[in-house]
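**Q** Chains as they are written, first to last, in my numbering: chain A, 23 to 241; chain B, 3 to 213.
Mixed in with the good hints, there may be bad ones.
Simulated coverage check for chain B against chain A, where a stretch passes if three residues somewhere in it have a Cβ under 8 Å from a Cβ of chain A [as the list claims (entries may be wrong)]:
#: 1; stretch: 160 to 166
#: 2; stretch: 183 to 195
Cut-off 30 Å, straight-line C-alpha distance, at most; resulting in silico cross-link-like pairs (DSBU-like, lysine-lysine) [said to hold, decoys possible]:
#: 3; chain 1: A; residue 1: 37; chain 2: B; residue 2: 207
#: 4; chain 1: A; residue 1: 153; chain 2: A; residue 2: 129
#: 5; chain 1: A; residue 1: 126; chain 2: B; residue 2: 75
#: 6; chain 1: A; residue 1: 105; chain 2: B; residue 2: 84
#: 7; chain 1: A; residue 1: 143; chain 2: B; residue 2: 67
#: 8; chain 1: A; residue 1: 143; chain 2: B; residue 2: 158
#: 9; chain 1: A; residue 1: 153; chain 2: B; residue 2: 158
#: 10; chain 1: B; residue 1: 55; chain 2: B; residue 2: 84
#: 11; chain 1: A; residue 1: 143; chain 2: A; residue 2: 105
#: 12; chain 1: B; residue 1: 133; chain 2: B; residue 2: 67
#: 13; chain 1: B; residue 1: 207; chain 2: A; residue 2: 126
#: 14; chain 1: B; residue 1: 84; chain 2: B; residue 2: 158
#: 15; chain 1: A; residue 1: 37; chain 2: B; residue 2: 75
#: 16; chain 1: B; residue 1: 207; chain 2: A; residue 2: 143
#: 17; chain 1: A; residue 1: 131; chain 2: B; residue 2: 75
#: 18; chain 1: A; residue 1: 37; chain 2: B; residue 2: 133
#: 19; chain 1: A; residue 1: 131; chain 2: A; residue 2: 143
#: 20; chain 1: A; residue 1: 163; chain 2: B; residue 2: 55
#: 21; chain 1: B; residue 1: 158; chain 2: B; residue 2: 207
#: 22; chain 1: B; residue 1: 133; chain 2: A; residue 2: 143
#: 23; chain 1: A; residue 1: 131; chain 2: A; residue 2: 153
#: 24; chain 1: A; residue 1: 153; chain 2: A; residue 2: 123
#: 25; chain 1: A; residue 1: 126; chain 2: A; residue 2: 105
#: 26; chain 1: B; residue 1: 158; chain 2: B; residue 2: 55
#: 27; chain 1: A; residue 1: 129; chain 2: B; residue 2: 55
#: 28; chain 1: A; residue 1: 143; chain 2: A; residue 2: 123
Restraint ranges, calculated between C-beta atoms of paired labels, are given here [as the list claims (entries may be wrong)]:
#: 29; chain 1: A; residue 1: 105; chain 2: B; residue 2: 103; range: 34 to 44 Å
#: 30; chain 1: B; residue 1: 32; chain 2: A; residue 2: 158; range: 52 to 62 Å
#: 31; chain 1: A; residue 1: 142; chain 2: B; residue 2: 50; range: 12 to 22 Å
#: 32; chain 1: A; residue 1: 147; chain 2: B; residue 2: 185; range: 14 to 24 Å
These are calculated hints, taken from the structure and not from any lab test. Treat the numbers as computed from the prediction; the structure is a model and nothing was measured. Glycine included, C-beta positions come from ideal geometry on N, C-alpha and C.
Listed below are the residues making up each chain.
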Amino acid sequence: MNGVHDMGGMDGFGKVEPEPNEPMFHTEWEGRVLAMVRAMGAAGAFNIDTSRFYRETLPPDVYLSSSYYQKWLLGLEDMLIDKGYVAPADVAAGHAVEPAKPLKHGKFKRDDVERIMVRGKFGRAAPAPAKFRPGDRVRAKNMHPATHTRLPRYTRGHVGVVERNLGCNVFPDSAAMEAGENPQWLYTVVFDGSELWGPDADPTVKISIDAFEPYLEAV
Amino acid sequence: MTSHDHDHHHHDHDHSELSETELRVRALETILTEKGYVDPAALDAIIQAYETKIGPHNGAQVVAKAWSDPAFKRSLLEDASKAVSTLGHVSRVGDHLVAVENTPQRHNMVVCTLCSCYPWEMLGLPPVWYKAAPYRSRAVKDPRGVLADFGVSLPKQTEIRVWDSTAETRFLVLPMRPAGTDGWSEQQLAELVTRDSMIGTGFPKTPGAPS
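Could you build the full structure based on these sequences and the hints that come with them?
**A** This is how it looks when you write it as structure tokens:
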């Protein structure tokens, strides 16, 4: 979706402000939110792409004015309500009033913690040979799906070069909509700064994205 | 999406004793616990794992080893997931880690313009600036300007390669080994490796300089 989360190349947000000696969490609740998102995801309530999509779907003014973990909280609440794990009546009451819905992987317990501290595997068997090879020139498609996609707007319509084949991976555009993993080839594609930002761009800058095959067309 | 009609306002008083957000987080945890979805002790354990097991010390060990051991450096650049998994003392990584090497000709910098993708196992949880709009918007368009915000400047002719983490690949920058460190142990070298030097928004510390 063409949401406000797709920030690459936008102006006006000001300077980057590093915080010296930044704590891992600025308040105690931030850690609780992170833990709830990880636990409910591991229990099978949603996948990582769906959780990203729900944060992207927050209204733009909310997205921009909320802190990072506030966005996680709002996205989590919306997602659990939409998927039927939490009822609006539960939220209104501040505790469980409606019956629970079974989770795909059951209750999240202490023994499950170690496994979630290792990243998931996203590589999958390839349903077809890769269309592109390192060195191929490709164009990022001029596409604007209203749902989740990982093709940033600033690259759409622009020509780059395939640098690396990263294997066949779960396709976020499908997984986010719970339409299956639909594995697709993934490539690192490199663009010249001037291709993306025009002739006045810094000539020493190159930008790469990791692009799934359905995002690309041969040039 | 049907649930956007519930409360989405936001206030900035997170520092009050019990902010609106804090109450909301507590209520949600109560609901998830009462419904039997999560064990609160498991949530405690997740937080503890993040606080103790992951962090830039993991990445620093990898970088220091790459500076000391040319064979390890080659395998790191070829397949970082595989190379890092051979080191028992750092946290386990997934399948999708890629290490990118800084050279006098090329400087690498990592961003996630779409959200906050970051090599957690190597660097810990990302800092707020990494997840915030100024960095995400400008890193791909004006990387030298962003580096200036960090007080970092590169020679004019140095190529800058910005890696936008748009899929599940995670990027670790292998910074250049500082001069004046001949004969240093891996442990001494690891002390010089900063988090930002592994994101590409900083350099390693210089030997002897005040930290």
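**Q** Determine for every hint whether it applies to the structure shown.
**A** The hints, checked one at a time:
1. 160 to 166: holds (count 7)
2. 183 to 195: Per the Cβ count (0), the hint is violated.
3. 37(A) - 207(B): holds, 24 Å
4. 153(A) - 129(A): Not OK: residue 153(A) and residue 129(A) at ~42 Å, beyond 30 Å, violated.
5. 126(A) - 75(B): Not satisfied, since the Cα-Cα distance of roughly 41 Å exceeds 30 Å.
6. 105(A) - 84(B): violated, 37 Å
7. 143(A) - 67(B): holds, 26 Å
8. 143(A) - 158(B): violated, 40 Å
9. 153(A) - 158(B): violated, 37 Å
10. 55(B) - 84(B): Given pair residue 55(B), residue 84(B) holds - Cα atoms ~20 Å apart, limit 30 Å.
11. 143(A) - 105(A): holds, 24 Å
12. 133(B) - 67(B): holds, 29 Å
13. 207(B) - 126(A): violated, 48 Å
14. 84(B) - 158(B): violated, 35 Å
15. 37(A) - 75(B): violated, 35 Å
16. 207(B) - 143(A): violated, 34 Å
17. 131(A) - 75(B): With a Cα-Cα distance of about 38 Å, the restraint between residue 131(A) and residue 75(B) is violated, given a limit of 30 Å.
18. 37(A) - 133(B): At roughly 13 Å apart (the allowed maximum being 30 Å), residue 133(B) and residue 37(A) satisfy the hint.
19. 131(A) - 143(A): Since the Cα atoms of residue 131(A) and residue 143(A) sit roughly 21 Å apart, the hinted pair holds (cutoff 30 Å).
20. 163(A) - 55(B): violated, 41 Å
21. 158(B) - 207(B): holds, 22 Å
22. 133(B) - 143(A): holds, 23 Å
23. 131(A) - 153(A): violated, 43 Å
24. 153(A) - 123(A): violated, 42 Å
25. 126(A) - 105(A): Given pair residue 126(A), residue 105(A) holds - Cα atoms ~12 Å apart, limit 30 Å.
26. 158(B) - 55(B): Measuring from Cα to Cα gives roughly 39 Å; hence the hint is violated.
27. 129(A) - 55(B): holds, 24 Å
28. 143(A) - 123(A): Holds - the C-alpha atoms of residue 123(A) and residue 143(A) are around 27 Å apart, at most 30 Å.
29. 105(A) - 103(B): 34 to 44 Å: holds, 43 Å
30. 32(B) - 158(A): 52 to 62 Å: The hinted range 52 to 62 Å holds for residue 32(B) and residue 158(A), with Cβ atoms some 54 Å apart.
31. 142(A) - 50(B): 12 to 22 Å: holds, 21 Å
32. 147(A) - 185(B): 14 to 24 Å: Between residue 147(A) and residue 185(B), where Cβ atoms are some 48 Å apart, the hint is violated.
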